[in-house]
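Participant: Residues per chain, in single letters:
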Amino acid sequence: MEEFFQQLTNGLAVGGIYALIALGYTMVYGVLKLINFAHGDLFTIGSYLGLTLLTSLFLSDRLGPGAGIVVLALMVMGLVALVGALLERVAYRPLRHSPRLSAVVSALGASIFFSNTLMLIYGARFQVYPQGILPKTAIDLFGLYVPLVRVLILGASVVMMIALYAFIQKTKIGTAIRAAAIDQDAARLMGIDVNRVILMVFLIGPALGGAAGLMVGLHYGQINFTMGWVYGLKAFTAAILGGIGNIPGAMVGGILLGVIEALGAAYLSIAWKDAIAFGVLIFILIVRPTGLLGERVAEKV
Amino acid sequence: MSLLSLRRVTKSFGGLTAVHSVSFEVDSGTIVGLIGPNGAGKTTVFNLITGIYRPDQGEILFNNTSLLRLPTHRIIALGIGRTFQTIRLFQNLTVLENVLAGCHCRMRCGAVSAMLGLARHRKEEKKAIEQAMNALAFVGLEKSALQQAKNLSYGNQRLLEVARALATEPKLLILDEPAGGMNEQETAALIDLIRKIQEQGVTVLLIEHDMNLVMRVCEKIVVLEYGSKIAEGSPPEIKANPRVIEAYLGTEED
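Residue numbers (my numbering), protein chains in the order written: chain X, 12 to 312; chain V, 307 to 560.
Just chain X, with the same shape it has in the complex:
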């Protein structure tokens, strides 16, 4: 039983990370009907920026471990959001009225550009996060000892998801984002600046992805310039699993995928981890092609 709960909390933490990345895919898809293939690399950029800021600013020494990590996370999120906005401006906006395939090719190009830039700057080897940023203690959860990092990751991702959901549901910009996702022309005729909505989406999604990158660095301790590909693919799977374009869907899909993967790896075989994740995707697509929370799309005749 102990083993089961350890795996469950591990799966929830990894699932939280997947969910944060998946939100970036699903929001961009919702508004632009574009899969931002460079999103996984924005996540990696978050990881590397976190490393650089950690080793150059010594925030934990100056502000204490608690405030230090919060400030660090905010800086990483802000910087990755800027990279995301820049990506939209340079790689996607000029292609707004081109066939969709052009934007997809541009996204793949941006992905290669980002990962290679990281390699040139940091080198191709694994980079190691400094130790002791977070105390290596375990937290007692109902008699179960769970590492602090894991609890923090899950807590932080849940807080960010709730904040995002409230923002999308309750504020006027949230309403504008949802309106633009349904019908851009009609949104314009309501006086909504669709370009600003798209910019918002490319600020929020990458910010969450960057936070996820930082979490992976803190959790696993080592990062690599190619890791965005695997994490991106898993998060993309999570987004499809929950129903692409659907924000709660990405959250549910991410958490679910993390848990299934962790339990599958523990009880079946660790070598089958990825096969299990993608097997679930294939199964869901056969049974429910719109994803778990996806809207049933009415056929237009």
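Hints were generated in silico from the structure; no laboratory data involved.
Beta carbons are placed, not taken as given, at the ideal position from N, Cα and C, and that holds for glycine.
Any given hint might turn out to be false.
[Stated by the list, open to error] Examples of chain X residues lying across from chain V (beta carbon under 8 Å, computed): (1) Arg104; (2) Thr186; (3) Arg189; (4) Ala190; (5) Ile193; (6) Asp194; (7) Asp196; (8) Ala198; (9) Leu200; (10) Ile203; (11) Asp204.
[Claimed, not checked] Heads up, incomplete: computed chain V residues facing chain X, CB under 10 Å, no partners named: (12) His379; (13) Arg394; (14) Gln397; (15) Leu406; (16) Glu430; (17) Ala471; (18) Thr474; (19) Ile551; (20) Ala553.
Using the hints, position chain V against chain X.
Facilitator: Positioned in the frame of chain X, the structure of chain V alone reads:
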């Protein structure tokens, strides 16, 4: 005084001239009808006014401001509201949220204050909900505020489009076939509604195929055929105009 003025506006799509050198004025406070056979270029004119298309030639002035270089959302902010020929509501949002989307351009607070949950922002959101409810009450949909838009009846969806356009606080409201698909009773209610909108001081420009409605509410009618203006005048003048009768009924052969 003319609120909207089109001056020799031309728009071609490839070899097809959809709108050819069309000029007309919409005076402040009036109800103007734009009519013509199918494919005459009526909706294209609306799309040119709202910046969805750009004219090849000509000038469009609203309150003496040229609309030619403005993006659509800026044109809406100047005070032009519009509904669509085919219903284009935000189907998965509630009725209230649809209208709130229309309040968007009248709200000032940005993303940062929303994220910080500032008091000023909360006050503005509250005011927007109040305005949206007023717009819904104006068209008689306040009881359906929390339903999803797609669950409304067809006639009510049309009314919701009007409420949503009114929420942008337009000086000029452009209605594209508002009575399309409505039964006689609903059309009668719509006529009352259009007059009520005019009483609020809003100028109305509408496309409509229901001649009964057009003749009853419009003070001036502009007739298009094959992208060109063939007549302009009061309802009795238009009814008596031989060019218009020919366009609608064809010429008699003898």
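Participant: If a hint holds in the structure, say so; if it doesn't, say that too.
Facilitator: For each hint, the structure was consulted:
no., hint, result
1, Arg104, "violated (14 Å)"
2, Thr186, "holds (5 Å)"
3, Arg189, "holds (6 Å)"
4, Ala190, "holds (4 Å)"
5, Ile193, "holds (5 Å)"
6, Asp194, "holds (5 Å)"
7, Asp196, "holds (7 Å)"
8, Ala198, "holds (7 Å)"
9, Leu200, "holds (5 Å)"
10, Ile203, "holds (5 Å)"
11, Asp204, "holds (5 Å)"
12, His379, "holds (5 Å)"
13, Arg394, "holds (4 Å)"
14, Gln397, "holds (7 Å)"
15, Leu406, "holds (5 Å)"
16, Glu430, "holds (8 Å)"
17, Ala471, "holds (8 Å)"
18, Thr474, "holds (5 Å)"
19, Ile551, "violated (35 Å)"
20, Ala553, "violated (29 Å)"
Of the hints listed earlier, those the structure fails to meet are numbers 1, 19 and 20, in rising order.
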